[in-house]
Each structure stands twice: as C-alpha cells, then as structure tokens.
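*Asks:* As given, the protein sequences belong to chains C and U, one line each in that order. The first sequence begins at 0 in numbering that gives the first Met the number 0 and counts up by one. The second sequence begins at 0 in numbering that gives the first Met the number 0 and counts up by one.
It should be emphasised that the hints constitute simulated quantities derived from the structure, not laboratory data. This list has only true hints and no planted wrong ones.
Restraint ranges, calculated between C-beta atoms of paired labels, are given here:
#, chain 1, residue 1, chain 2, residue 2, range
1, U, Asn97, C, Gly32, 30 to 40 Å
2, C, Ala329, U, Thr257, 44 to 54 Å
3, C, Gln75, U, Ala51, 31 to 41 Å
4, U, Ile75, C, Phe52, 52 to 62 Å
5, C, Gln77, U, Gln15, 42 to 52 Å
6, C, Arg433, U, Gln15, 36 to 46 Å
7, C, Ala329, U, Pro310, 32 to 42 Å
8, U, Leu30, C, Ala339, 31 to 41 Å
9, U, Trp33, C, Leu507, 36 to 46 Å
10, C, Leu507, U, Leu114, 55 to 65 Å
11, C, Phe497, U, Gln15, 34 to 44 Å
We put the CB at the ideal spot given by N, CA and C, even for glycine.
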Amino acid sequence: MTTIDTSKPIPDPAGPAEDNYLTHSSGIMSWLGTLDHKRIGVMYLVSILSAFFVAGMFALLIRTELMMPGEDFLTQDQYNIMFTLHGAIMVFLVIIPSVPASLGNFVLPIMLGAKDVAFPRLNLMSYYLWVIGAIFAVSSIFLGGVDTGWTLYVPYSTRTDAAMGGIIPVATAVFILGFSSIFTGLNFIVTIHRLRPPGMTWFKMPLFLWSIYATGILQVMATPVIGITVVLLMIERTFGLGIFDPSLGGDPVLFQHFFWFYSHPAVYIMILPAMGIVSELIAVHSHRHIFGYRFIAFSSVAIAIFSFLVWGHHMFLSAQSPLINVVFSAITFSVAIPSAVKVFNWLATLYKGSISLNTPMLYGLSFIFMFGIGGLTGLHLGTLATDIHLHDTYFVVAHFHYVMMGSALIGMLGGLHHWWPKMTGRMYTEFWGRIACGLIFVGFNVTFFTQFVLGSLGMPRRYQDYTGPGWSETTTALYHKYHFVSTMGSYIMALGFFITAAYLIHSLFRGRKAPANPWGGRSLEWQCSSPPPHDNFSSAPHVGDCYDFSVLEWDEQEQGYHWRTDLKHEPGEA
Amino acid sequence: MTVTEPSTHDHPDFLQHHWDTPKQQFEAGKLGMWLFLATEVLLFGGLFVLYAVWRGNHPEMFKFGSQFLDTKLGAINTAVLILSSLTMAAAVTMAQRNKRGALMILLSLTLAGALTFLVIKYFEYSHKFHEGYYPGMKFYEPPGSGSLSWDNDPTPMVHGAAAAHATEAPSPLVAANFVMPDAEPTTIAPPVVAPAGVSQEALDALYDDIVAEHHDDHPVHPLQDPNRPDNAHMFFNIYFLMTGLHGIHVSAGVIMLTWLLVGASSIPDRWPQITRFFLLKRSFGADWFTPVDLGGLYWHIVDLIWIFLFPLFYLI
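In isolation and in its complexed conformation, chain C is listed as follows:
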C-alpha cells in the first residue's frame, strides 16, 4: 500500500481524468448541498470575491470623496457608514476567510493526500454560517447603518443614535461569522492531525499546510472571545447593563481589551495563510528547494503564539499603565523576528533559483516587497514615543492596508492565480495577468505610500473633510495634494482588479485546457489531474520531498511539467 508508482503521477487521461469534481454531478442542489471540499471551496471563493467587490466599491467611494476638500457627494454620516462597512466587510467577510476557507478548503486535503476534510458536514455548515453572517452585515445598511468604525468601540456603539439600527445586526454578523471561522479552523486542525496518509509526516507537509495549521490554532483560540464580546455589547446596548459604558459605572477599556484579544490574532489569521502561499509560490516558481524549511514552519507557529501576547499595542493611548505599555511594546517588537525569518528565507530561496516571472510569482514578489514595508512601519507604531504622534492618523491606515491588503490579499491573489488552473482546469492569459498585477502593484503603492506621508504630516483617519474652520489653508492645500495622488492610485488599482476579473472569467470559457502541472509544483495537488477527480486520488498518493524540483521536466507538447523520464526511482528513496 505504501509504494505507489510515482513515475506516472498524472492519471491516465483516457480514464478517470474525464470525471472531475466539476462534472461529477450536476444541478444546483449538487452544489448547494455538496459535501465535497473542492466545491465548498469554490462556493466560498465566489462569495468572498463578491463581498470583496462590494467593499471595494465602498473604498472607491471613500477615496473619491476625499479627493477634493469639502463635502462632495457623501454627507458626514454617509461617509462614516461607508468606511465602517468597508472595514467590517473587508475584515470579517473577505480577508479572514479568504485564504483558509476558499483556497485552503480546495487545496488542503489534496496537498495532504486526503479525500476530504475531517468533517465535511461541518465544512458546509461553516459556509452557510458565512452566508447568514453576510446577510446580517449587509442588512445593517438598510436598518440605519453603523458609523462606529469596524472596531465597534464603546461607549460609541452602545450610545450612538445614528447607528441605532445597524449595531445589533453587525454584532450578530460578527458572532455568526466567528463560528464560521472557528469551524473552518477546527476542521483543518483535525484534518492535518488525523488525515495525513502514510508517509506524510509533519515535516514533509508543504509549508502552506503549516501556515493553515497555525491559522487554525488562532481561529479556534481567539475567535470565541470576540463572540462573547459582541454578545456583551448587544446586551449592553439593549439593556444598559453598565459593563462597558463609563457613565453607567462600566469600563470601556475592558471592551478594548476584549476586542483586541481577538482582533490582534485576527491580523495573523489574515496574514499567516498568505505567508504560506508565498512560501509555495517562491519555491515553485523559482524551481529551487525552499530554504530553511523548518524555520519557516516553526516561525508560523511562533507568530501564532506571539500574536496572543501583543494586543495591548492597540491601546497605548487608552489609559493603560506605562508598565503594561512597555511590556506590550517589547513583545510587539519580538513578532518581527519570526516574520523576518520568513522573509529572509524566501530571499535565500530566490538566490540562484531559476525564476519564472509568471503572474503568481509576480504576486509573490509583490508580497515580499509590500510586507516588508507594512511590517517595518509596524515598528514605528509599536514604539511608544512615535505612536503618540502617529496614533489614529493616516500612517496607521497605510500601515494596516500594506499588511492586510498589500500582503494578505496580494498573497491570496497569488494563490488564486497559482491554483486557478487546478481549480478550473483552464489557463488564463498570462500577458493580461502580468499587466493586471503590475497595475495593482503600482496603484496600491501610489494609493497607500502617500498615506504614510499624509499621516506623518498629521492627517487624522476617519475624517470626511479636511477644510473649513480649524484647518489652515496651507494645511488643506498640502493634504489635498496627497489625497489627490492617493485617489488616483486607487483608480489604477481598481483598473487592475477589473482586468483581473475580465481575464479570469474569459479563461473559464475560452481558456486553454490546463495541464496537470503547469508550474512545476511538487506537492500532491499537482499529481492529480486539472481539475481534480471527485475523490482526489484513486489510491493513496506517494509522498516525497515536496520541494525537490529536480525530478520534474518541462514537456513542450503538454505545456506542463511531468516526472523526468530518465528517473526510475523516487529520488527520496534512492
């Protein structure tokens, strides 16, 4: 059972390759009621990208409003509702589930060599919880909106009248989405523990699985706390208990502690899976064995552990004791160590690699660049003295957009392009892929790098306007310059996203049929056909070193990679 002939990793094209997971059954119910992790992953992907479109539109409206000084077309209340929903949807509906629930769901069992995740029904339930959460979140717009910012800070969220209708639906959405996230993480942890086939040891797992595992720990351990926090918030708002509201004897800083105890680890729920994707992209597309495998694997776990100990750096100016501030600041700095371990290992992998600048690789390289900026500016904010100046300015906005969008979402896009041939069985147009990646890269940096400058010049975040009484004319003129450039950048970025959507949809209908292994990957998902068959593998696949690319060679006719014909044995065994 353990020795399966790997000299022919690609299934016989005449046989089971015809029956893939897409053609296995048909009809709308075969999708809505499916227990197949691949179909659930695709449903997640479509839903998440729709939510991304909605929240992206909010972002464009916000940027357009800010382009010119003065109130252009959004009132202050509308502006507040807009940036709150932009944040809430992007965080809870898009970035947190983006990689684990969509790409992870699709790829994880195949990479592992399993037929499915451990609990397929729980997996489907997690998807429907996401849908219900999305309905609650979006319904808040029609119930009066929320204007508190996505952080839902008390006492604003328990008192504000403008948000009267929206707070409870949004808090409910956060609660439900939390369960969706917990179930996904729990499922993946159990899958990795219990469904590894013979031969797949912990240190033979692709690094993407390590990062998903670390993410799972965070999802399971951190999310319940936000669950109980929003329940308390709802009860406080409804009955006026006085837990958080200072005018009733409550403690608003306690809410911030609760909130950030989840929401700081949540930042790593967003970034860790993207880091895992980048580990795959860098190794596969430079055709070189990943450098420092164990260091990258353990740095994921280290980041997961550290992330529980740094939440207080969001509250340096919230009347914490100076001692606590210093401790949190110091631990915050230490997160830089495992992060840097990853970045330097990626760079060392690139060194002397034979790099193919495919679209996924371009996203991978963009990730390293932008994560570098996003991570290093985090040190400015973790330093107590500079944080006093930069707190709640556009510097913070730029910093977390570099991390959440420039890193997490760019990593997700890289993974999407990397596994798109596997998921759909079609190749997209490489030319347009590179163009779009370039536009997104340039647009993103133009948008957000200017905001670093804007923030250090003192422009506060969450302001709809920067003119009128209280603003000097020179200040307004100065801020206008940067806001204008930033908005232009966001339009460039939007163009890049629309091109991406266009060529990906085009590829579904007109794309060239994808080979089983278009990039030369060694992990198990490249051993099954594109798209994979319903049960992933007809027999248990053999596990080798998933970063040893020397055994693959390019096949011009097939336009993909396959096992080297001159090799008799699995090199790992010989």
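For this one, chain C is given, so just place chain U on it according to the hints.
*Replies:* Structure of chain U alone, referenced to chain C:
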C-alpha cells in the same frame, strides 16, 4: 477497544468514505470535540475575565451581592450536576460494552439531572426577578439620592423609550442616567472601601450590619439601601450573564441527551423517513459509540464550568 474488523467488512456503514478505519474516524471526532471544548472554555473565559476585573476593582460589590443568593439551592444544584456527570461517564462505558439497557437507564438519569438543575435554576431566577434583582439599569442609582420608585415605573429601559419618558416625567433616575446626550457626565463616586489592600475584617465589619438588617424582614429593599456599595447591580449583571450562558449550555445538553437517548433506543421502522434525517441512522454498540463519548465530554465541561461558578458567586 477493538474497532477494526478485518478485511471482509472493510467499510462499515457508519464509516464515512474519506476515513480508512473506524478508529481513525473516532479519534478525529474526539480531537474535534476537544477543540470545540477549548472554544467553550475561551467563550466562558471572557466572562471569567469580566468577573475578575470587576471583583478586583470592587470586592465590596460582590461581598454585598452574594448574600442574596441561596447557597443551599446552589449546593444542591452542584451535587446534582456532579452526580449527572458520574452517570454520564458510566453511560459511556455501558455504550462501549454494548449494554443497551444500562445505557438507556444511565442516560435517562443524566437527563433527569439536567432537568432538575434547570428546574432549581428556574426557581432561583424567578425569585430574583420577583425581588427585582434582574440585570439592567433598574437599580442603578447613586446611593443617597432618594427612594427609587422602580416598582411603580413600568417604562422599559431602552434608550429611546426612556428618553421619551424623560421629557414628560423627569424622575431623578431617568434624568441622571438615561438621557446621555444632554446629561452632565455622571461622576462615579469612589468605592466605599478602597479596592486594594482592603482587609477581610474591614469588609465583614462594614456589611455585617447590612446583612443583619436585611435578614430580618426586608424593611427597605436592599438595593435601595443608601448604605449599599456603588454599582451593586453589577453583581447581578455578572451573575445572570454567567449563569445564564451556563444555563443555555445545560439546555443544549438536555437536547443532546434526548437525542442520545433516542439514538440508544431502537428506532421503529414504521417511523416516517424524515425522522431518520434528524435522528441517528444506527444505534450504538461496541463498534460505534462516538456520539455518546463526545456527548459525555460536552456534559463534563458544562459540569466543570458550574463547579467554578458556584463558589465564585455563592461562597466567596
């Protein structure tokens, strides 16, 4: 535990297609349940932190509040839950040994324990509600600011209604606390006793007279007592939040135990097909008892949480 029947019966009907052996499936279920229990601990953990923060800052509030809880009923409930945990553990063993009769008796006893707990809790809650110790702003009032008239004031304490009420009848309670945009920020008086370094003797001396007064015949409602500590209502807020969430978990346990009990009995064939969708497809035996085992784990954590709640509220 022998779960793997060799080759001929390679894939038993309860084994899902993506597992190789029943043992693998069972262990995955168990790991999943433990992770779920970890999330439960963290869910309650938030409330335990809430408790710790408030108790650390205002020990006098807890000292005052806990005297209104009925230790006897709490102790009975603790005993009931511990006993039901014992019967649950025995039920798991009986399921493993394929003794259906004993399994059903033990599950019924566990279920009876869960229901007894809820009934006792119902009496405790309804007594508190009758006395007016329910959560919310009903009895938030700075000490010494006059008698509360909340027994005669049926206005529900949501902000909008309260604000409307305030315009027509400005009672000191409403004016002071509910119309926040217009009101002066309420300054919170320092606690009667300094939180840090307060000695037990000092607390005892301070509240002995309060206890003496109210254990007579309630001459004045304790929460209207001008000598009560500030924010005394917070004790009941936290009490109802924590025991309430625990009660929800006990109720979920009742549903789970009923479901297990039906699963342990043999389902008649004449039952309509739809019932089979909700019920187990197969009854428990030595080869398959996962739901009983996992249900047992859940029931133990519900028990365990109560074991912490009881001393925190009733005893200390």
